Every structure is written in structure tokens, then in C-alpha cells.
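Going by the UniProt record's numbering, the first residue of the sequence shown is number 1, and it counts up by one from there.
The set of hints was computed from the structure by calculation and includes no laboratory data. Some hints could be false.
To be verified - List time: in silico DSS-like cross-link candidates among lysine-lysine, alpha-carbon distance up to 30 angstroms:
| hint | residue 1 | residue 2 |
| --- | --- | --- |
| 1 | K68 | K93 |
| 2 | K54 | K28 |
| 3 | K40 | K28 |
| 4 | K40 | K59 |
| 5 | K59 | K33 |
Computed from a predicted model, the values in this text were never measured in an experiment.
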Amino acid sequence: MAKRGGFPGGAMPGNMNNLMKQAQRMQKQMEEKTKEIEEKEWEASAGGGAVTVKVSGKKEITAVTLSKEVVDPDDIEMLQDLIMAAANEAFRKMEEESQSVMGQITGGLGGLGGGFPF
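Construct all of the structure, not just a fragment, from the sequences and the given hints.
Structure below.
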């Protein structure tokens with residue numbers, strides 16, 4: 001009668017240990033890169049530099065700079081739009097770099113917290 005289960009030749013347990021070690025190294029690298037990203041800032045401008053917004057890797061706005069020329073009490077909507085555009089661009093830059101860095105570590109396994117695509 002054929003033996004069921006187990007790992008023929010004992011090859012799988014060794015491979016599993018190597019896989020676990022690789023996963024632990026990857027997790028440590030991801031934690032280090034996440035910390036680096038959280039400490040970094042990205043900046044974007046709108047309106048030809050009239051509005052500048054800085055964001056952190058923690059997804060927080062850390063600074064907003066407005067030129068005097070853009071502050072028009074009769075056109076608050078334009079100022080709001082420029083602030084929103086600059087903030088969105090700064091966040092887009094941060095996300096793009098973050099995904100790129102994490103993608104290098106995971107080798108395209110779905111990203112940080114993204115799971116596997118199946």
C-alpha cells in the first residue's frame with residue numbers, strides 16, 4: 001500500500017525553512033523601509049508655485065505655503081482648488097515612491113498589506 005502524505009525525500013521541510021527565513025528577511029526590510037518612508041517628506045506646488053504643500057510618509061500635511069498674490073478674498077474657491085491640487089499631487093508622489101520601494105522588496109507579490117492577487 002502506498003504511503004500517503006509527508007514529504008518525499010524530506011526535501012520540503014528544508015525548503016520551507018528557507019522560505020520562512022526569506023519571509024522574515026522581507027518583513028524586516030519592509031519594516032525598515034516603512035519607517036524610512038514615514039520620516040520622509042514630499043512637496044508639490046500648484047498655480048505656478050503660488051501654493052506649495054508638503055506631506056509626510058505618515059500621510060499627514062506638514063506644511064502649506066501660499067504666495068500673497070494667490071490670497072484673494074473675492075476668489076476663495078480658486079485658493080481652495082490650488083491647495084487641494086497641490087496636496088493631492090504631493091500625496092500621489094508619496095504613494096508612488098512608497099509602492100515602488102515596497103515593490104522592490106516584495107518582488108511584485110501584491111505590495112504592503114495588499115495580499116496576493118488570487
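Tested hints:
For a cut-off of 30 angstroms, the pair hint linking K68 to K93 stands: about 26 angstroms separates their Cα positions. At most 30 angstroms may separate the alpha-carbon atoms for a hinted pair to count; K54 and K28 meet this at roughly 28 angstroms. A hinted pair counts as satisfied when its Cα atoms are at most 30 angstroms apart, and K40 with K28 qualifies at roughly 19 angstroms. Of the supplied pair hints, the one linking K40 and K59 holds, its CA atoms being roughly 10 angstroms apart against a limit of 30 angstroms.
Among the hinted pairs, K59 with K33 is consistent with the structure: their alpha-carbon atoms are about 15 angstroms apart, no more than 30 angstroms.
The structure meets every hint from the earlier list without exception.
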